[in-house]
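Student: Chain by chain, the residues run as shown.
Protein chains: 2
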Amino acid sequence: MTKAPTVEDVARAAGVSRQTVSNVLNSPDIVRGPTRERVQRAIAELGYRPHAAARRLRTRRSSTIGVRLDPYAGGISGVVLDRFVHALTERASERGMRILLYAARTPAEEIERIGDLVDGGEIDAVVLTGTSHEDTRTTWLHERGVPFVSFGRPWRSDGDGAGEHSWADVDGAAGTHAATRHLLDQAGPKIAFLGWPEGSGTGDDRARGWSEAMADAGSAGPRWHTEESVGLARELTGAALAADPAVDAVVCVSDSLAIGAHLAATALGRPDLPVVGFDNTPAAEALGISSVEQLPEQVAAGVLDLLMGPTGGVVLRSDQRDSAEEAAYVLVEPRLVVRGGLTA
Amino acid sequence: MTKAPTVEDVARAAGVSRQTVSNVLNSPDIVRGPTRERVQRAIAELGYRPHAAARRLRTRRSSTIGVRLDPYAGGISGVVLDRFVHALTERASERGMRILLYAARTPAEEIERIGDLVDGGEIDAVVLTGTSHEDTRTTWLHERGVPFVSFGRPWRSDGDGAGEHSWADVDGAAGTHAATRHLLDQAGPKIAFLGWPEGSGTGDDRARGWSEAMADAGSAGPRWHTEESVGLARELTGAALAADPAVDAVVCVSDSLAIGAHLAATALGRPDLPVVGFDNTPAAEALGISSVEQLPEQVAAGVLDLLMGPTGGVVLRSDQRDSAEEAAYVLVEPRLVVRGGLTA
Numbered sequence: 001m002t003k004a005p006t007v008e009d010v011a012r013a014a015g016v017s018r019q020t021v022s023n024v025l026n027s028p029d030i031v032r033g034p035t036r037e038r039v040q041r042a043i044a045e046l047g048y049r050p051h052a053a054a055r056r057l058r059t060r061r062s063s064t065i066g067v068r069l070d071p072y073a074g075g076i077s078g079v080v081l082d083r084f085v086h087a088l089t090e091r092a093s094e095r096g097m098r099i100l101l102y103a104a105r106t107p108a109e110e111i112e113r114i115g116d117l118v119d120g121g122e123i124d125a126v127v128l129t130g131t132s133h134e135d136t137r138t139t140w141l142h143e144r145g146v147p148f149v150s151f152g153r154p155w156r157s158d159g160d161g162a163g164e165h166s167w168a169d170v171d172g173a174a175g176t177h178a179a180t181r182h183l184l185d186q187a188g189p190k191i192a193f194l195g196w197p198e199g200s201g202t203g204d205d206r207a208r209g210w211s212e213a214m215a216d217a218g219s220a221g222p223r224w225h226t227e228e229s230v231g232l233a234r235e236l237t238g239a240a241l242a243a244d245p246a247v248d249a250v251v252c253v254s255d256s257l258a259i260g261a262h263l264a265a266t267a268l269g270r271p272d273l274p275v276v277g278f279d280n281t282p283a284a285e286a287l288g289i290s291s292v293e294q295l296p297e298q299v300a301a302g303v304l305d306l307l308m309g310p311t312g313g314v315v316l317r318s319d320q321r322d323s324a325e326e327a328a329y330v331l332v333e334p335r336l337v338v339r340g341g342l343t344a
Numbered sequence: 001m002t003k004a005p006t007v008e009d010v011a012r013a014a015g016v017s018r019q020t021v022s023n024v025l026n027s028p029d030i031v032r033g034p035t036r037e038r039v040q041r042a043i044a045e046l047g048y049r050p051h052a053a054a055r056r057l058r059t060r061r062s063s064t065i066g067v068r069l070d071p072y073a074g075g076i077s078g079v080v081l082d083r084f085v086h087a088l089t090e091r092a093s094e095r096g097m098r099i100l101l102y103a104a105r106t107p108a109e110e111i112e113r114i115g116d117l118v119d120g121g122e123i124d125a126v127v128l129t130g131t132s133h134e135d136t137r138t139t140w141l142h143e144r145g146v147p148f149v150s151f152g153r154p155w156r157s158d159g160d161g162a163g164e165h166s167w168a169d170v171d172g173a174a175g176t177h178a179a180t181r182h183l184l185d186q187a188g189p190k191i192a193f194l195g196w197p198e199g200s201g202t203g204d205d206r207a208r209g210w211s212e213a214m215a216d217a218g219s220a221g222p223r224w225h226t227e228e229s230v231g232l233a234r235e236l237t238g239a240a241l242a243a244d245p246a247v248d249a250v251v252c253v254s255d256s257l258a259i260g261a262h263l264a265a266t267a268l269g270r271p272d273l274p275v276v277g278f279d280n281t282p283a284a285e286a287l288g289i290s291s292v293e294q295l296p297e298q299v300a301a302g303v304l305d306l307l308m309g310p311t312g313g314v315v316l317r318s319d320q321r322d323s324a325e326e327a328a329y330v331l332v333e334p335r336l337v338v339r340g341g342l343t344a
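Chain order of the listed sequences is A and B. Going by our numbering, the first sequence opens with residue 1, and the numbers climb by one from there. Going by our numbering, the second sequence opens with residue 1, and the numbers climb by one from there.
Read the hints as simulated data drawn from the structure, not as lab findings. Do not rely on the hints blindly, as some may be mistaken.
If we take Cβ atoms under 7 angstroms as the criterion, some of the chain A residues that face chain B in the derived model are [unchecked claim]: (1) Leu-69; (2) Tyr-72; (3) Asp-82; (4) Thr-89; (5) Ser-93; (6) Arg-95; (7) Arg-98; (8) Ile-99; (9) Leu-100; (10) Leu-101; (11) Ala-103; (12) Val-230; (13) Ile-259; (14) Pro-282; (15) Ala-286.
Using N, Cα and C, we set each Cβ at its ideal position, and we do this for glycine too.
Please build the complete structure, drawing on both the sequences and the hints.
Tutor: Written out as structure tokens, the structure is:
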């Protein structure tokens, strides 16, 4: 018996990564035309079938997807998750699906809540947010056979976690890489990185984009880190810039830190020091600070594509999707929004 | 037959406004202790019964409340509605209720969407946001007998709209009044108001708080207005402050305009000019700008109290609540958050 072709085979035939094949299958809009066509040709030639079984409707459906909404925590970055929920509501509505919100303060409580909703036939699927190492929720969802996709990848110490389960995420390293490239071109060779303390998946990923771009350019710059706080960022950057005035620009892990860095530079008489933040929040926009835009709307579209197929109107069961080994994922490339000082 | 006592009778007996009686009945936490006790005594003495019928459970309930979530529109003030939805989800969860989101771009589309959800038994009640003059949605909901409460009052040209339907809102005029009082004490007599063009219920209400506080103090200051934009506010305030440097401080209708005013003052060498915004957004916090905090968490609590009674776990039918003539409302007094320059 011939083994059925896998995503791996398609990737090899098309000369692209597994990830690109996943993107073509699940969110073709974000793949460039020529690449998409090459992958689609390989799929046709190999006879690859992305979904093991024909798509069957579930007999009992609520047409509803559950999402946890956390208490408002303040700070400026919550806006990305809120935009994601807005976009998910819009896109789900276009497919005849609805979003049910639930509250939970711990993973254990979230599991209990999801259990109630599933048992009551009130939701067909779950969109998880805020993935972490050793996430107890995903294990439970797998065991119960509840369809789910996460916004955020399954961070693992031994790799990127692809294959654990389906997920959509933003390619943070690509965002800081683009920001660093831009500043190397426009500002000068010595670009600092202002990040969070090491150890967070998201923060380390964004630091990597900066360090790779710097290494590629044969350039070097200091790496600073502090907690997520405008005030702390301002203090730290003020001292660091005073000690090392040769720094040409600063790439930051978040808009909060970028605002702090900008205020510090302004206080030192360098209001035009180029600073790039991350998240493109309204606060960065109001201050005219450049930022990496996460495009949560594309993440929401990717999540629904993964749950329902690119055009479907029902949640796919796991046997209608790729096997666990070939869990699909969508990695959205963020966009650098360049601003030259205060907005008009 | 003796006529049953009304809210009006209780208000007269206790020497308070109808609104205070409504607050005591529906959201007692926000009424000061002595006032609350006086109203409660009057209720007991008159034998007033706030709910015409005993609270009966509906036989078929979804335990779900529908809320429209608009597409993300950018800007910094959307955060208030997002915080409201966060708080509503939390509070509803504590009462065993869930929040279902739906998308709609027009009032007609929203009516259709609500109709589907009600017909399908998927929601028990609706929380409306963004009320307007001549709101077609409220008329339709009344006719269909769908329980609802709005965040935002039924703005009418002939009054405050009390009695149209149950609503919870923030007392914008009280917020700008408090801000103006504070600035009169701390900054000087000449306080400007930077508002939106006249004609919006919310904007005119906030302007009123400033003008009343100024009149009470026998003081006068200029009134400027512009569209909701940091850049436009910066331009306008820059020109106005240059022409009239005697202005001691500026009360603003929103944080966006306050940020614009602050940037303009800074550019003119007056970074310490006191400016107060409205909404207490993360952007104002990051810049250390004082602001009026809407307390959307209290509005959410008020909305649920109005829908379900202060302690109930089910949505009340209209015949279980006050008659339309006595529709209840909760007016939340906002809180002035004073900041002295950049946050630590």
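Student: Honestly, which of those hints from before does the structure not fit?
Tutor: Hint 6 alone not satisfied by this model.
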